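Q: Sequence:
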Amino acid sequence: MKRLKPVLLFLAILFGFALQMGAAHARDIQTAIFAGGCFWCVEADFDKVKGVVETTSGYTGGTTVNPTYKQVTRGGTGHYESVRIRFDADVISYRQLVDIFWRTVDPLDAGGQFCDRGDSYRTAVFVTKAQRADAEASKAAADQTISGHIVTPIVAVGKFYPAEDYHQNYYLGENRVLTRFGYISQAKAYKNYRKGCGRDARVRQIWGSAAPFAGS
Numbered sequence: 001m002k003r004l005k006p007v008l009l010f011l012a013i014l015f016g017f018a019l020q021m022g023a024a025h026a027r028d029i030q031t032a033i034f035a036g037g038c039f040w041c042v043e044a045d046f047d048k049v050k051g052v053v054e055t056t057s058g059y060t061g062g063t064t065v066n067p068t069y070k071q072v073t074r075g076g077t078g079h080y081e082s083v084r085i086r087f088d089a090d091v092i093s094y095r096q097l098v099d100i101f102w103r104t105v106d107p108l109d110a111g112g113q114f115c116d117r118g119d120s121y122r123t124a125v126f127v128t129k130a131q132r133a134d135a136e137a138s139k140a141a142a143d144q145t146i147s148g149h150i151v152t153p154i155v156a157v158g159k160f161y162p163a164e165d166y167h168q169n170y171y172l173g174e175n176r177v178l179t180r181f182g183y184i185s186q187a188k189a190y191k192n193y194r195k196g197c198g199r200d201a202r203v204r205q206i207w208g209s210a211a212p213f214a215g216s
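Sequential numbering from 1 applies to the sequence shown in this note's numbering.
Check the hints yourself; a few may be wrong.
[To be verified] Straight line, CA to CA, 16 Å or less: simulated EDC-like cross-link-like pairs of lysine to aspartate or glutamate:
{"#": "1", "residue 1": "LYS139", "residue 2": "ASP99"}
{"#": "2", "residue 1": "LYS48", "residue 2": "ASP99"}
{"#": "3", "residue 1": "LYS50", "residue 2": "ASP99"}
{"#": "4", "residue 1": "LYS70", "residue 2": "ASP88"}
{"#": "5", "residue 1": "LYS139", "residue 2": "ASP109"}
{"#": "6", "residue 1": "LYS50", "residue 2": "ASP28"}
{"#": "7", "residue 1": "LYS195", "residue 2": "ASP116"}
{"#": "8", "residue 1": "LYS70", "residue 2": "ASP116"}
{"#": "9", "residue 1": "LYS70", "residue 2": "ASP119"}
{"#": "10", "residue 1": "LYS48", "residue 2": "ASP88"}
{"#": "11", "residue 1": "LYS70", "residue 2": "ASP165"}
{"#": "12", "residue 1": "LYS70", "residue 2": "GLU164"}
{"#": "13", "residue 1": "LYS191", "residue 2": "GLU174"}
{"#": "14", "residue 1": "LYS50", "residue 2": "ASP88"}
{"#": "15", "residue 1": "LYS50", "residue 2": "ASP90"}
Rather than coming from a laboratory, the hints here were simulated on the basis of the structure.
Here the structure is a predicted model, which means the values were calculated and not measured.
Construct the entire structure; sequences and hints are all you get.
A: Have a look at this one:
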């Protein structure tokens, strides 16, 4: 028993040290939600941002419970195609994410984004009370850097509904789909869609060299 006590004491100290190290390295994971037109594109853009740990395509801003893609794009649900972004606030701040967001969309367009028209493709920044001041300040600063005025609303966050599985990471998908370009992978279909929709060309037109992902 005498020999056992020092061993137990050592193990207790080691366990306590491990807990302290774990707490010291715990990440401050927070959430942002943006609507920027086609959620495939928003997800693809923000997956490139250092500090972003997860992106999820989905729907928010409306009243329909558990909406489907067909319901949202058909209209009448009030929902926007949107992306929930989980990020490490020790690496990138919420304000920095909003600053990036403006420069990935056409915030002058109130009727959709690029070739995608209709309410579900409108832009919006969905905020908590704690996020609103940063979002408003970011919007005001961005508005001073471009011709025209930003029409993207800043909206109180509500229930977020993840989209169907096949929409998640669509831009990386290897499943084959039939398109006007033939029977090709989701990844190739995404690239063709993004180029054909004129997203990057329009973003470059508005933001110039400040557009972080246009053409990437």
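Q: Decide, hint by hint, whether the structure agrees.
A: How the hints compare with the structure:
1. LYS139 to ASP99: holds, 8 Å
2. LYS48 to ASP99: holds, 15 Å
3. LYS50 to ASP99: holds, 14 Å
4. LYS70 to ASP88: violated, 33 Å
5. LYS139 to ASP109: holds, 15 Å
6. LYS50 to ASP28: holds, 14 Å
7. LYS195 to ASP116: holds, 13 Å
8. LYS70 to ASP116: Answer holds: LYS70 to ASP116 is near 14 Å, not above 16 Å.
9. LYS70 to ASP119: holds, 13 Å
10. LYS48 to ASP88: holds, 14 Å
11. LYS70 to ASP165: Holds - the C-alpha atoms of ASP165 and LYS70 are around 14 Å apart, at most 16 Å.
12. LYS70 to GLU164: holds, 11 Å
13. LYS191 to GLU174: holds, 13 Å
14. LYS50 to ASP88: Distance ~9 Å between LYS50 and ASP88 Cα, so the pair holds.
15. LYS50 to ASP90: holds, 11 Å
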